[in-house]
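Protein chains: 2
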Amino acid sequence: MDPKTRIALDVMGGDDAPACNLDGALAAVEAGLAPARLLLVGDRVTIEAGLEERGGNPGFELLHSEDVIGMEEKPAVALRSKPRSSIAVATGAVKQGAAGAHVSMGNTGAVVGAATVGLKTLPGVRRPGIAVTIEFTGRPVTVLDMGANVVPKPEHLVQYGHMGAIYSRDLLGCYAPRVGLLNIGEEDSKGTDLLRDAHAQLGDSGLDFVGNIEGGDLFKGTCDVVVTDGFTGNVALKLMEGFAGFMLRMVHGELEKNGAAWGPEVLASLHKQVDYSEYGGALLLGVNGVVVIGHGRSDARAVANALDLAARAIDADVNAHIVAGLEPV
Amino acid sequence: MDPKTRIALDVMGGDDAPACNLDGALAAVEAGLAPARLLLVGDRVTIEAGLEERGGNPGFELLHSEDVIGMEEKPAVALRSKPRSSIAVATGAVKQGAAGAHVSMGNTGAVVGAATVGLKTLPGVRRPGIAVTIEFTGRPVTVLDMGANVVPKPEHLVQYGHMGAIYSRDLLGCYAPRVGLLNIGEEDSKGTDLLRDAHAQLGDSGLDFVGNIEGGDLFKGTCDVVVTDGFTGNVALKLMEGFAGFMLRMVHGELEKNGAAWGPEVLASLHKQVDYSEYGGALLLGVNGVVVIGHGRSDARAVANALDLAARAIDADVNAHIVAGLEPV
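If you read the protein sequences in the order shown, they are chains A and Y. Note that our numbering numbers the first sequence so that position 159 is 154, with each residue one more than the last. Note that our numbering numbers the second sequence so that position 108 is 103, with each residue one more than the last.
Treat the hints as calculated values from the structure; they're not laboratory data. Be aware that one or more of the hints could be misleading.
[As the list claims (entries may be wrong)] Okay, derived cross-link-like pairs now, PhoX-like style, lysine-lysine, Cα gap no bigger than 20 Å in a straight line:
| id | chain 1 | residue 1 | chain 2 | residue 2 |
| --- | --- | --- | --- | --- |
| 1 | A | K69 | Y | K185 |
| 2 | Y | K215 | A | K148 |
| 3 | A | K267 | Y | K185 |
[Stated by the list, open to error] Partial pick of chain Y residues on the chain A-facing surface, computed with a CB cut under 7 Å:
| id | residue |
| --- | --- |
| 4 | R75 |
| 5 | C169 |
| 6 | I179 |
| 7 | G211 |
| 8 | H247 |
| 9 | E249 |
| 10 | L265 |
Even for Gly, the Cβ is constructed at its ideal location relative to N, Cα and C.
Chain A with its partners taken away, still in its complex shape (with noise of 0.2 Å):
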């Protein structure tokens, strides 16, 4: 087995850890991924003794770390006063070569400040953005920068445009993704100055971009790759996760005052189309490795959806194709 291949998972991350990782890391040999690909990064008695419980080893590899990164901890902070900690033991592994993936459900603060700069970005990429899938018409719309780089300059947003269309066509399969700039309104002059001079430069750069999109294109198919800075595209995240669960609370009163029978088939069919963890969690594109940020409040399958995306991440070689897509012709 090529070392490259295998996926770091940190078991000590996330609001359920350890018991929701093991318990995803067990559902993705289940669904077919070979136990060796994973290499599980925590307190070496924690999962002995978790696997244990759970049947045995199936043949994971341990690596052992001494700290946990709490999901609250200020993320420079905490990656300096704990340098061995499960996500920076994780990211070593990737730097070493030990694997190529790190898959964390931890305090994603911390898991994108040990990618940056302990993998550095990728040849050409100027900064790393964090790209989230989710699915609202049947057809997924992939949302980059998702947190990572607060304040872009105009030639970021045109590296997270190729970025997310070589992510797109690699792993969801759509072969000629149109890309959106959001924005507030159509025409090419709104907006702040950035989206001003990223608009000019994404209608020069090969991709196809259809231009300016609003808030409720993505619900609409209008495109599959949305652009967009880190601040924005966190609020937008976290107003829909925000919005996806005050919606479904107000359905199920609904169906509860209405006594159906059927409520709950409703709701779990109603969640499944709103729940981003089907894609397994946001994929940070643009450093020299695979990282997989799963939410801290995924479940044992959220869990091993990421590292299915993380495996198929590295099945497809999606980072040697950013690479070759953004040099120069």
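With chain A held as given, fit chain Y onto it using these hints.
Coordinates of chain Y only, in the frame set by chain A:
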């Protein structure tokens, strides 16, 4: 009747103008608004014929205008080339003291532009902001700015906090409004320079400032007023509109699949809960006059609600309270 208590309604603006606007004016009268408080602005012949069809003019005054600014026209260009448009004439009526409020379902940019240039800002106000009230938790939340000020300065955001709090107190009956700053994390250090500066200034503002809130907090009742730049606010509003429509279609599909006889009532109930036109549209706060911007897709009920909002803003003397509230103590 003091002419300053009158409302100039742009009869020609909106997707279903003039029909919807005339229906809305009549609905407002039915709900208790004195016909003498309404000044209908638009093509006189069209308005007279429209009222005739609807059983006659109950006592509205008419003000003739010659042109209409289309929903898709560029505001600055349209305002220059059509100085006698219904938006310009209605704004002029407020400027000249023939009315105290302008209500339009027309081109938002043109309404804002006409008001900013024609009415000027209130004493002490640096930049006007668009406030929209939404309700997801049984308690209204006012968000501003929704698009008037795309690149604000920190002091503009602080003023939005003050104006939003006064709006919330005067028109929504919230006696101790809590003000939050839309950001991508709770810590003071989060976000852009703009937000860090605004956070510090809001802390010293005398407002009940609860600190940074995230996108998902809009659905949790964390605060009564949400301050944000016009770009983020506009993206967020359109995202929520699009998402609400999408979720309702999804729920509709599930109800149909399960053959629920009570589907339509459930949908109507859900729709009402996510429909911000319940609150009569957006209020442009900080200009010397009351300006209500309705949604282009407003129906008669939404128009009536917008007229009601304008009447209440005049009666509550919101603008005098804003001027007093912004005075240095």
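How about R75 (chain Y): closest beta carbon in chain A under 7 Å, or not?
violated, 15 Å
Double-check I179 (chain Y) for me: the hint is only fine if its C-beta lies closer than 7 Å to a C-beta in chain A.
At 4 Å from the nearest chain A Cβ, I179 (chain Y) passes the 7 Å test, so the hint holds.
K69 (chain A) paired with K185 (chain Y) [C-alpha distance capped at 20 Å]:
holds, 11 Å
Next item in the hint list is G211 (chain Y). Is there a CB on chain A closer than 7 Å to its CB?
holds, 3 Å
Take the shortest C-beta to C-beta distance between C169 (chain Y) and chain A; is it under 7 Å?
Where the cut-off is 7 Å and the nearest Cβ of chain A is about 20 Å from C169 (chain Y), the hint is violated.
Does H247 (chain Y) pass the interface check with chain A, least Cβ-Cβ distance below 7 Å?
violated, 11 Å
Pair hint K267 (chain A) and K185 (chain Y), alpha-carbon separation not exceeding 20 Å:
violated, 31 Å
20 Å Cα cutoff - pair K215 (chain Y), K148 (chain A):
violated, 33 Å
Identify whether the interface hint at L265 (chain Y) stands, where standing means a beta carbon of chain A within less than 7 Å of its own.
holds, 6 Å
Going by Cβ atoms only, is E249 (chain Y) closer than 7 Å to chain A?
holds, 5 Å
Checked against the numbered hints given earlier, this structure breaks hints 2, 3, 4, 5 and 8; the rest are met.
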